[in-house]
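Top line first, the protein sequences correspond to chains P and C. Going by the working numbering, the first residue of the first sequence is number 1, and it counts up by one from there. Going by the working numbering, the first residue of the second sequence is number 1001, and it counts up by one from there.
Among the clues, some could well be false.
Okay, the calculated beta carbon distance ranges per label pair [claimed, not checked]:
(1) C:P1154 x P:G284: 13 to 21 Å
(2) P:D221 x C:Q1322: 39 to 47 Å
(3) P:G401 x C:T1524: 49 to 57 Å
(4) P:D406 x C:D1096: 33 to 41 Å
Derived DSS-like pairs (lysine-lysine); straight-line CA-CA distance at most 30 Å [what the hints assert, rightly or not]:
(5) P:K141 x P:K270
(6) C:K1229 x P:K270
(7) C:K1394 x C:K1229
(8) P:K141 x C:K1229
(9) C:K1394 x P:K141
According to the in silico footprint, chain C covers these stretches of chain P (three or more CB under 8 Å from chain C) [what the hints assert, rightly or not]:
(10) 185-195
(11) 212-222
(12) 269-276
(13) 410-419
It is worth saying that the hints were derived from the structure and are not from the lab. Just so it is clear, CB atoms sit at the ideal spot from N, CA and C, and this is done for glycine as well.
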Amino acid sequence: MRRRVFLKSGALALVTLGLSPQFLRRTALAMPLPRAARGKTLIVLFQRGAADALNVVVPFGDPAYAPARPQLAIAPPSRVTGTTGALDLDGFFGLHPALAPLMPLWERGLLTPIHAVGSPSATRSHFDAQDFLETGTPDIKGTTDGWLNRVLATRGTCEAGCGTDPAAAFRAVAMSAQTPRILDGSVPTVAMNSLEEFAVRGGGGDAERRLEALYRTGSADLVHGSGTEMFDALRILRAANPQQYTPANGSRYPRSPFGQRLLAIAQLIKAGVGLEVAFADVGGWDTHVNQGAAQGQLAQRLGDFSQSIAALVADLGDRMDDVVILTMSEFGRTVRQNGTGGTDHGHAGAMFVIGGALRSPHRVLGRWPGLAREQLHEGRDLALTTDFRTVFSEITAKHLGASALDRVFPGFAASSSSWLGLL
Amino acid sequence: MPMLRAARWSPWSRFRLGCGFGCTLALALTSCTTRAVRRGGADAMAAGAMAADGLEAPASGLREQTADQQLWHVLHRLAFGPRPGDVEAVQAMGVDAWIARQLTPESIPDTLTDQWLARFATLGESGDLLLRRYPPAGVVQAQLARERGGTLTPADSQTLQLRNRQANAALNEIATSRVLRAVHSERQLQEVMVDFWENHFTVFNGKDRTRYFIPEYDAVTIRPYALGKFRELLGAVAKSPAMLTYLDNWQSVADSGRTTLAQVTAAQRRVVARRAATVARQLPALAPAVAAAAQRRRGLNENYARELMELHTLGVDGGYTQQDVTDVARILTGWTLSQGVNGGTFLFRPQTHDADPKRVLGQAFPGGRGQEEGEALLDLLARHPATARFLATKLVRRFVSDSPPPALVARAAATYRRTDGDIRAVVRTIVTSPEFFAAAAFRAKVKSPFELVISTMRVLGAAPDSSARTAQLVARLGQPLFGHQAPNGWPETSEPWMNTGAILNRINFGLNVATGRVPVVRLTSWPSARPLAALPREAQVDGVIHALFGGAVSRDTRDVLITGTNPFLQARAGQTVGVMADDAMTDSAPPVAPTPPSRAAAFAQIVGLALGAPEFQRR
Chain P
1 MRRRVFLKSG ALALVTLGLS PQFLRRTALA MPLPRAARGK TLIVLFQRGA
51 ADALNVVVPF GDPAYAPARP QLAIAPPSRV TGTTGALDLD GFFGLHPALA
101 PLMPLWERGL LTPIHAVGSP SATRSHFDAQ DFLETGTPDI KGTTDGWLNR
151 VLATRGTCEA GCGTDPAAAF RAVAMSAQTP RILDGSVPTV AMNSLEEFAV
201 RGGGGDAERR LEALYRTGSA DLVHGSGTEM FDALRILRAA NPQQYTPANG
251 SRYPRSPFGQ RLLAIAQLIK AGVGLEVAFA DVGGWDTHVN QGAAQGQLAQ
301 RLGDFSQSIA ALVADLGDRM DDVVILTMSE FGRTVRQNGT GGTDHGHAGA
351 MFVIGGALRS PHRVLGRWPG LAREQLHEGR DLALTTDFRT VFSEITAKHL
401 GASALDRVFP GFAASSSSWL GLL
Chain C
1001 MPMLRAARWS PWSRFRLGCG FGCTLALALT SCTTRAVRRG GADAMAAGAM
1051 AADGLEAPAS GLREQTADQQ LWHVLHRLAF GPRPGDVEAV QAMGVDAWIA
1101 RQLTPESIPD TLTDQWLARF ATLGESGDLL LRRYPPAGVV QAQLARERGG
1151 TLTPADSQTL QLRNRQANAA LNEIATSRVL RAVHSERQLQ EVMVDFWENH
1201 FTVFNGKDRT RYFIPEYDAV TIRPYALGKF RELLGAVAKS PAMLTYLDNW
1251 QSVADSGRTT LAQVTAAQRR VVARRAATVA RQLPALAPAV AAAAQRRRGL
1301 NENYARELME LHTLGVDGGY TQQDVTDVAR ILTGWTLSQG VNGGTFLFRP
1351 QTHDADPKRV LGQAFPGGRG QEEGEALLDL LARHPATARF LATKLVRRFV
1401 SDSPPPALVA RAAATYRRTD GDIRAVVRTI VTSPEFFAAA AFRAKVKSPF
1451 ELVISTMRVL GAAPDSSART AQLVARLGQP LFGHQAPNGW PETSEPWMNT
1501 GAILNRINFG LNVATGRVPV VRLTSWPSAR PLAALPREAQ VDGVIHALFG
1551 GAVSRDTRDV LITGTNPFLQ ARAGQTVGVM ADDAMTDSAP PVAPTPPSRA
1601 AAFAQIVGLA LGAPEFQRR
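Same shape as in the complex, but just chain C (with noise of 0.2 Å):
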């Protein structure tokens, strides 16, 4: 048996030997019911969470779990996990104090972080001005092309390179940026917001030219409304070059056949053949898009449409049909570009807008109307009670469960109609709910591949880093930041991001981290490693879960990090003979190592197995 071999020169093994067959066997079945009562626990709350008539929120004071799970709950939930020495300030502060202090992030100091972003040149900064800083590879190449009579030069190769490789690292910093917030902002509950609306109103960085509007939209579009009123968000995401891009609206214009609210001129047809032609002459690459974009039939475009009721808002059962789809587009028509492709800044186009009657969701649109349409149609999709149904659904997902105890969400949404979509008041609701600090929904949640790259470099007490590594690693993991395709944006749930490759590549994210192979989070900076890497085993173990998990893991995890088994291999191994079970078990793993390892290795591969252990993918 190789767990015995290993036991043997284990200067920590008595924790085990001490055990018995009978004891293991005890533990395992100790551990499968507390699984169960626990599953039965959240039968029971949600049954309870139902019954409980109306609106009225449970009696406060009903919180399931303890003082403890509070302060790690609320640092997993409104922040991305505990730095060292968090869990005792939030403790110090009080769980109540603290959450509230996190609801206002204007009233937080975050000086640290704004040195840091300081470092960035691209945050905050227009589409406009990153195309002509960082031109697209087509147009620097298509200049430089014209330039020597297309034949390029193995200098103009490199210049090519050269630029192509600035613009790609100009254009990452927004990503980098999001990091760097993330693991070192105070303002931890806003970083939260702003990782769950840019997830919200999504936008992909591979479209056309929207990775060029992704920093203005993270600071104009989405941070200023993050915990403000939802219907100055929807409007701000509605303008902005990012999602006109992705979502094709700034190319929608009335179909032939349609009233439009101005007639183009002649003067003003002569206006755009002039930029035509000068775009074509400035950026030879663009001259056969623009060519296109002359030639091609014009008309409505759902694109945007169909995903403002379906995704953004009313949410794909929100009682809308095709007939609204269509229309709401047709009352979008002319919000478009100043620039066109190369974005500009919003403009609304009366030539192109349809000016014929509209009904959506039943209300009739009069003709005739410009802009001020629109904005009234944003009006009644962000006041609808779907949307507000919608939305409490989508942030009790986040915040609380992948299953949305029903009251919290009716509770919830009652509150986004009551304030009229505030959505800092929505939060509150639901972070302030008995639900939220309910037995069941403690480490309920699985962390997206973002939460655990972030939630490893708080934990670890990582230095701030500006460079492109630490988004890398997301996206390693599967979630590069602004990089989902689909409108639909990532998972809120646990199941797409457990499976096969993906638990692989976290273990082995927590190995690499532990042994010292990602330079941006490194053991030897960890405040608790020098201390603890002195220390016998079992105390390494203790120490390490009291700051990874703030003490509490299953025993089936203790174990295993302390002799290497659990109660579960032990009572079966105690049970198998023969051959086969010893090949079963050393096939898939090296040989164990003849000689024990360092203290200081030892320690750091504690830290790696508790980075991979199934507790630590939780939050």
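If we strip away everything but chain P, and leave its shape as in the complex, we get (with noise of 0.2 Å):
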């Protein structure tokens, strides 16, 4: 037993005396880690407050869109200048205006709108959905992790082990100040506001060291470990240099809380910190009064939305052969506006799966159901033709290497058949 013991205290020495010299020597050079050269990221972006999709990915072509909407729908696109009406996309479908920061993205094939898409359940309680949409699991409320912690949990990255990996740190990283429900799990993630809050602060002098060999002692029970791990997740960040960032081709970010989280993102991405997983939310989405139209409330989020968007994309560049960015949001909303100038809580909404490596460039995925009265969900709602888990299944599946998509989602038959082809 006491040997034991000691021979596992040798090995965590070696690593913190520098004797574990492949990582430490490339830290100490700034060189990349080999994960960053071949490693996946999937960025989720959630959009709580369900997004108006309709006037998010506008289907002008629809002859029921306009009449149902008569102060908030989008104009069909115009080829005069000036003028306000959706950016096009096929002739049918068009971006909301304040989207205009996506289109070269759509022009060049890194972007797939995918419509009438969402939860099979019914609800429309923000609560019960944005569980579902976290949990992996509509209409079952017990499940206590979520589908991207399930991911990780369920994908063998680590060769050596993770355990002793001091990469895997930052496997998953969510820019938030609790863990999202949607990375609750076994496996650790890491929840900030931002890079610069991760880090020891305050205590004066040599604190941080000192506090380091209060539990780097050797020990190895839970709470010595979780504190080894930390420090050598400090310490990876620290090379990384998060203070003396600057984005790459000219991209700017905007100041808001989004856009700094998405720069956040990029620069862990870059730093090669083994980050597989990251997550950021934002809110502003629950447009029940005064949503507007081509200007307004929805646009001012659709704004912020599009720009940080565009600048992480800009950001990453060629990196972006090996990063998805999808969207969503809890369900879509009631097609007819209602008394107050907004929409209500409704059923199916939209996705953006944005990429450098794209299978089906220039086109809006997902099978339309129409908006005609008999066409809609409960004679209200968008109906919905892709179940959310058929994305989601097709994009670990196909860029970050799941395999076990039946523990994933239970009780998914997760058929490949049915993949929209977006990878």
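Using the supplied hints, reconstruct the complex from the two chains, each of which is provided in its own coordinate frame.
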């Protein structure tokens, strides 16, 4: 027993004092880790509050669209400059004019919108619907972990065993104050508001060194072990030097919290810390009142949203070949506008998939169910034609190499024949 | 070697320098051996407990913990850690007398806490009143929009923001009050139990209007029964607006095709329609919800029924089937709220109650009965042996260890059955047991973020604070009060609370407290700070260790607090040569300060390190 403990302590000591030279030499020379070269990253962006999909990816070609929304409908695309119609995608769908920053991505084949997609649950509760989208188990409330964490749990990426791989600290990062439900689960994740926050702050002088000494004692119990891992992670991040970061390609991130969170994600990807999954969310989509059309509340939210994403894509440049960005919202909104210039809780919505290796460029995916009254869900909402798990399954399988999809989405027959051909 | 550089100017470096390589290696081996022995002791303890036949408690007086450890232990399990003077107070009273007193909180005066609680306007208020006084943002916005014909002025936006802030402040009071009580109440075990039950019967403040119902939930539903009869607690929860909203039971009605207890008359339908029209007129924002509710396909909602068995009573392995879940849901149809989504009070509605026969856990529930059918169901669940075992296990996990000793669980469950679910009696069985006072139980639990913040405020003698800042500290460490989405509540075990991000936040919290950046708990107000700050470093360290850890820390921790390094690192450092090792150390931390810090700053650092130390993460 004593011998085992001591041997374990010895192994830890090697890491401590630089005798695990590969890793530390690389850090010291600020060389990228090999993981960065081969690693794939999935970035999930959650629009909390139920974004009005019909004014995000606008079905201007559907004859029932404009009449249902006298004040809210986005006009069809116009060739007259200075007007505020939809930005034409394929003659039937167009992007909201505030999404103009995404148009170059569409034109370059980096952006695939999916319409009439979402959760099959009929709930119109934000809480329940967000829960289902994050647990990946619609209408089952007892699920305690999130599907993104299950993807990591079922994905064997650590050749030498994750437990001893310091880089495993940053496998999954949520840019948020608390760990979001989607990342709850057995795989350790990091939640932070900003990279600056991920540091030992204050205490003066050599406080950090002394704290490290408190934890790096050779003891491998839960508390000491977590502390040791944390100091490894700090070292990785410090080597990445996020304070000295300049976005590439003249990319300019909005000063908004969302823009800054995407900036942090870009920094982590470029730092090669082994990021597999990143998550950020953005609120303000629950537009019951005064939603606005080409301008107004929703347009403002979409402006920040698209500028931030466009900045991230530009900043990542060629690395987009190894990155997929997936946007989602808990449900769509009513087809008809309500009595207060807004829309109410609906059913199916829209997603964007953005990446450098998309297989269906210049196409809006998902079968369009139509907006005529008899085509609507419960006579009022956009019907669902693509289960969100179909999209998640395809992306995690093809992009992250997830294999045990039946464990990631229990109870869902994840048949690859239903995949949309995104990647 | 940076450590040696540090040693050169350290006035307290004699200890380190006086102890050569062989000595530190010996120390390292000693501490490893101690750990191994301790683990072995735990195994032996568990084995012995299992061997103890039947439910007989091992002879009392078999307490492995020393007298000092016992003082520390009870103050961390039946309380949220010691305040200055508490250890001495428990010692004077005697551990057993103190436990007995905590088990009868009604006998403990708590004037100071009561005075502070009087500052909160919302405690114990009904959701009905709170909704009128602090309407949700959507309702206010819709009212304003209607008055302005659809277009809001900038002044309106300001009004909206102001009222939103007011509503948030009011609805956050409950979380702040929980912190205040946990820090300052003399009825510490009562607060521990409230924390336990509000987590066991968790509700989420982000679901619909649940947050309006939480003050009432805390005051009326949970507190009165925290050490009472489980059946009464279960009944109060089942009828609470908070739980009926959170787990949807207020919306669960008999499936079409089922007999209901009463038919809806035409007159009643007219009343409902009129009420809906009134709501739609007064609160246009609700109109769509009302219309949707009217349109919704009505039927059974199994959400509460499932969690009632899985999480509240029998446990996931409690031996129930999906058919049991469905029939429990059917029995609880009609258990709703007088004002629906707006809460009101519990109401049994015969028109929506499924009156056909059901069967649960093998017991027949004949048709035609009303609310009493649900009461009989709660009787059945509360008295079920699986419930006794499930609750006993969870309480032992909270009070003793992440791996509950089976013999103690069995005795606690037996107490539960013998006393018809008397929570006080079950807790007494647990906290007076030899397993509770076993050496292996000492500091075996990792503090939750709530426990970390509360124990910090207590140990440093923080003054009462009724601002929202205290609850925010807990939230920032990852445990927002009433902020757990899923019905399983916050983890009762250690592992989920310990990871890279969590440990960093905890360390920063400790440093921030020590350097005066946490307004609600300052080092300057700690009674021991002034006398300790004037002492030499080693005496400072021992003073801090005495106050924060009851004198009991690992040799490693004491060494680091005194010298900045530990025997393990020293031993390794002695063996390594070359630049790499030095780089490896220096790239993780800023260079050592060129001049020694002032004595006050050095003292603050010791406290910060101690609050961030592994031992302080445990209770």
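Practice task
Count the residues of the segment 185-195 of chain P whose CB lies closer than 8 Å to any CB of chain C, then report whether that count reaches three.
Solution key: holds (count 5)
Practice task
Below or equal to 30 Å on CA atoms is what counts here, so check K1229 (chain C) against K270 (chain P).
Solution key: Roughly 58 Å between the alpha carbons, so the hint for K1229 (chain C) and K270 (chain P) is violated.
Practice task
Three residues minimum, CB to CB under 8 Å: does the segment 410-419 of chain P make the cut for coverage by chain C? Let me know.
Solution key: n = 0 at 8 Å, threshold three: violated.
Handout entry: Whether the CB-CB distance between G401 (chain P) and T1524 (chain C) falls inside 49 to 57 Å
Key = holds (55 Å)
Practice task
Starting from the range 33 to 41 Å, see whether the pair D406 (chain P) and D1096 (chain C) falls in it by beta-carbon distance.
Solution key: Distance hint for D406 (chain P), D1096 (chain C) is violated at roughly 54 Å.
Problem - Agreement of K1394 (chain C) and K1229 (chain C) with the hint, judged by alpha carbon distance not exceeding 30 Å - result: holds (16 Å)
Practice task
Starting from the range 39 to 47 Å, see whether the pair D221 (chain P) and Q1322 (chain C) falls in it by beta-carbon distance.
Solution key: holds (41 Å)
Exercise for the section: Given the hint that K1394 (chain C) pairs with K141 (chain P), test it: the Cα-Cα distance must not exceed 30 Å. Expected result: holds (21 Å)
Problem - 30 Å limit on alpha-carbon distance, applied to hinted pair K141 (chain P) and K1229 (chain C) - result: holds (28 Å)
Handout entry: Satisfaction of hint between K270 (chain P) and K141 (chain P), Cα-Cα up to 30 Å
Key = violated (37 Å)
Handout entry: chain C over the segment 212-222 of chain P, status - at least 3 residues with CB closer than 8 Å
Key = That given contact holds, which follows from 10 residues of the segment 212-222 of chain P lying within Cβ reach (below 8 Å) of chain C.
Practice task
With a C-beta cutoff of 8 Å, work out whether three or more residues of the segment 269-276 of chain P approach chain C closely enough for the coverage to hold.
Solution key: violated (count 0)
In the structure shown, a violation is registered for the earlier hints numbered 4, 5, 6, 12, 13, in ascending order.
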